[in-house]
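Enquirer: Sequence:
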Amino acid sequence: MAAPLELSCWGGGWGLPSVHSESLVVMAYAKFCGAPLKVNVIDNTWRGSRGDVPILTTEDNMVSQPAKILNFLRKQKYNADYELSAKQGADTLAYIALLEEKLLPAVLHTFWVESDNYFTVTKPWFASQIPFPLSLILPGRMSKGALNRILLTRGQPPLYHLREVEAQIYRDAKECLNLLSNRLGTSQFFFRDTPSTLDAYVFGFLAPLYKVRFPKVQLQEHLKQLSNLCRFCDDILSSYFRLSLGGISPAGQETVDANLQKLTQLVNKESNLIEKMDDNLRQSPQLPPRKLPTLKLTPAEEENNSFQRLSP
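Take 31 as the starting number for the sequence shown in this note's numbering and just add one per residue.
Some hints here could point you the wrong way.
[Stated by the list, open to error] No farther apart than 25 Å at their CA atoms in a straight line, the calculated lysine-lysine pairs in the DSS-like style are these:
#	residue 1	residue 2
1	K174	K246
2	K153	K174
3	K174	K204
4	K246	K153
5	K117	K132
[Stated by the list, open to error] The calculated label-pair distances, taken between Cβ atoms and stated as ranges, are:
#	residue 1	residue 2	range
6	Q118	N258	17 to 25 Å
7	L166	R213	19 to 27 Å
8	P154	E130	42 to 50 Å
9	E131	D73	32 to 40 Å
10	D90	L123	23 to 31 Å
11	E194	D90	35 to 43 Å
12	D146	L166	33 to 41 Å
13	K98	A120	19 to 27 Å
14	E205	N91	21 to 29 Å
Hints in this document: simulated from the structure, not taken from any laboratory.
The beta carbon of each residue, even a glycine, is placed where N, CA and C say it ideally should be.
Model the full assembly from the supplied sequences, consistent with the hints where possible.
Expert: In structure tokens form, the structure reads like this:
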């Protein structure tokens, strides 16, 4: 009996099984090759000290980093590239290197460095998955790690300043997306009729960029203009991740998110209205309660009134 395989990864949202690119790569590959992974989603009960996921755990091994995890799965006879030719295998390595060099820096910048996206979307979401007090520390550490990774790989002469680096990485990312779109064409997958390692990497890098709702959407807008790449992500989500980890389909999750947002807005409006009414009541002049005058009846009227109450 095969040893149980457990994958620890970041959870999902916006109709995705995970919002973390590297976690998505491993999850997609496992779906493609049929590896029986038990997914353990990091939540607010997590007791780890760093965000170094995904991590694959077996009875005897603990493997991190997508490339090492995929190699381990291949050794366990879970190989999504079994039918690829030698040339297709070489093309796979070349395209993965292209993704990591040209696209990954822009994805990291979109999530972790762009201030509006980080403070509005990324930091609140990841902080909600991390136990206190790590939730106050770890997102900032991950943001600094992403920035250092970008500057280490791209902050070389003549690009000394962050603004110059930003402009260059987005130009490279758009060029990379165009190359991927041209390579995919009208095909469902990049090689043959079944998905492979390259499809897992492309899906993992593109799906969060495609689905997560950011206030700054420079690269997202360019991706959505490439309809075949968007269809590629939608097809994998519908075919291999029909139900999200929470049991909601991608389309259903978007509906839930939209309804939740509307409900939150409605509650906020009602709360503001109640607060204003309370303020108006507190600021209005307070008059003492009026005492109603007591009417006294004459003896004849009292006798007449008693007679009326007794009569049928």
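Enquirer: I'd like to know which numbered hints this structure contradicts. Please list them from smallest to largest.
Expert: 7, 8, 11, 12 and 14
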